[in-house]
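Model the placement of chain B on the given structure of chain A, informed by the hints.
Protein chains: 2
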Amino acid sequence: MKPGPTAQEVARLAKVSQSAVSRTFTPGASVSEDTRNRVMIAAKTLGYRPNAMARSLITGRSRIVALVMSYLENQFYPLVIEKLSQKLQKQGYHVLMFISDGDETDGVLDEILQYQIDGVVMASAMLSPHLARQCADVGVPVVLFNRVPDISAFARHSTSSVTCNNHRGGEMVAELLLERGHRRIAFLAGLEKSSTNLERERGFNDALAQAGAAVYRRAVGHYSFERAQEAARALFAGPGERPDAVFVANDHMAIAVMDVLRQELGLRVPQDVSVVGFDDVPQAAWGAYRLTTVVQSVEAMVEATVELLHEQMREDARPRNVVIPCRVVERDSVRAAGAPAPAPKPPPKPRAARRGAASRPGA
Amino acid sequence: MKPGPTAQEVARLAKVSQSAVSRTFTPGASVSEDTRNRVMIAAKTLGYRPNAMARSLITGRSRIVALVMSYLENQFYPLVIEKLSQKLQKQGYHVLMFISDGDETDGVLDEILQYQIDGVVMASAMLSPHLARQCADVGVPVVLFNRVPDISAFARHSTSSVTCNNHRGGEMVAELLLERGHRRIAFLAGLEKSSTNLERERGFNDALAQAGAAVYRRAVGHYSFERAQEAARALFAGPGERPDAVFVANDHMAIAVMDVLRQELGLRVPQDVSVVGFDDVPQAAWGAYRLTTVVQSVEAMVEATVELLHEQMREDARPRNVVIPCRVVERDSVRAAGAPAPAPKPPPKPRAARRGAASRPGA
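Top line first, the protein sequences correspond to chains A and B. Take 1 as the starting number for the first sequence in the numbering used here and just add one per residue. Take 364 as the starting number for the second sequence in the numbering used here and just add one per residue.
Chain A on its own, in the form it takes in the complex:
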């Protein structure tokens, strides 16, 4: 950027001190109404803009929050970017995006710390204990979004987190499917080491055990669309009776599973198989899927995240883990209450997708 008009020139034109100019452009600083007006008029006339970089060196605050992500394919995360950016912008903050390749998060975070940022939100990426310590050392608050800190004691004591009540969510799915008379309930996992998956699966299994039941079959989709499809094929291959319901660890994968069940295996949802997801991404409500799922409110999670960031920016703050309640939203992918269990059928032969044939309307 070329150098523009300086604060000195503005001060001269407005007939005020340079410090008055600086205070006018520092949010929260005290300056009289009259001085402010003169400065703003002069600034506009000259085309002056305060230098946020310079100000950050002086104040130690850049008003920039880094957002680290690695998985935008799952429609949950673009929503997070949007809501978080909007909320922070209203408060005069800006979001510096970092897309991590999963393994490279440490390298990414290292770069982030060069920018004198005010806070870090980690979504869909993990923070190593080493980096957690470095952030704590330089006083940069870290909030984990949709995951809890690593087992390591240091990370637990230095990073905050916001999640929904994944364990309760998993319980609610098991309770719903049992209530509807399901007896062969499968589970399709996400990334097995992620806290979201661990918690959801644990809640699910705990509730099944409470009812004297257990998971019927299990496969792993790694939070990937394609791998969830492979996992679905494995879950529904013979021999033995096929599952009559499947809890899929997130909506993104649940949609992939519904495609396999209906397009490839010729099964009907929910008559032959009930399907439940998790997240309530916008696509879960699309007419061709109408997926029953567990709602994680992005709005509530983002509110809590921003609050936590501000809280953690204070010297005396201690990290906290915030848990947002979740609830089931029922659409059309689970057998209705009172519907008869379907007569047992042999596993259908897989059919290749036929091009050019009708997409049948759902109801």
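In the SDA-like style, the derived pairs of lysine to any residue whose C-alpha atoms are separated by at most 25 Å in a straight line are:
no.	chain 1	residue 1	chain 2	residue 2
1	B	K450	A	S224
2	A	K90	B	Y434
3	A	K90	B	G470
4	A	K44	B	S521
5	B	K453	A	E111
6	A	K44	B	P492
7	B	K453	B	I687
8	A	K44	B	G502
9	B	K453	B	A417
I should point out that these hints are in silico values taken from the structure, not numbers from a laboratory.
Coordinates of chain B only, in the frame set by chain A:
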């Protein structure tokens, strides 16, 4: 952020000059291998990080590119964020996200310019001639993504752009539908003033005219899922024969249209109505939609955008408009070649969506 170890301390530990430390952390600056090693070891030992903010004040380059968006609901744009961030990160740049409310873009851009950024990419948001002039004045290159500059001469001469060949894309859709024997082809527009819509609709109408045909009905969806559904209901309401095909200005809306056609109006796609979208977002390939559409390669557009940014950062550069070719990808939502035209039917009565009933498998 608390102040950390200084460059001075690193220089002392490494037994080199402070300027050698500075050069070690300046990409492209000349420094001997031995000096670099000593500096890096000392830096690691002390936990030193160069201050990117300070460096930017000195060099005039922050290595930050601003990305302005306003519409993440359309799955095309999260892809753009991801690819653009990854590409720029590889080159040592970072992306500062700004979500604009559509009307507030000027205010947003004003803030951006406080950050001494190296460039601006505007996607799904327009740049006023006033702001275009300001960016040009301070030497900040602006690249419009997926739109062309305003008619105003100044904007045209100072901003670059990357689009796909929207006009040719619109032509290809008309050609495909005519070739398949369609005679009552409707058009569902996006935001009427956007260049994407203007170009796609113009190409579409031009190709129809070439064949001695014309659009049968037209409605406006404003690039919104809900408004596209309202527009679809209007397009397919009686009296008169209903359209036998519809070109929808983007995939996001086309999916909304398919939901109305199949779930509400009981029509089959493609037997009763062919549907074509534009963009080729990942959801267009989902089994329950299998949408025929026009591919805009995000990868190619992002490549071109980054190249343009670098080019425009040079003093002598003149703005350019890059046009990327597009092509049709055929899935299952258009009547197959050689399929007979369906017998004319009266417009179906709308059916309320039945809860709990089967989602029929597609083929």
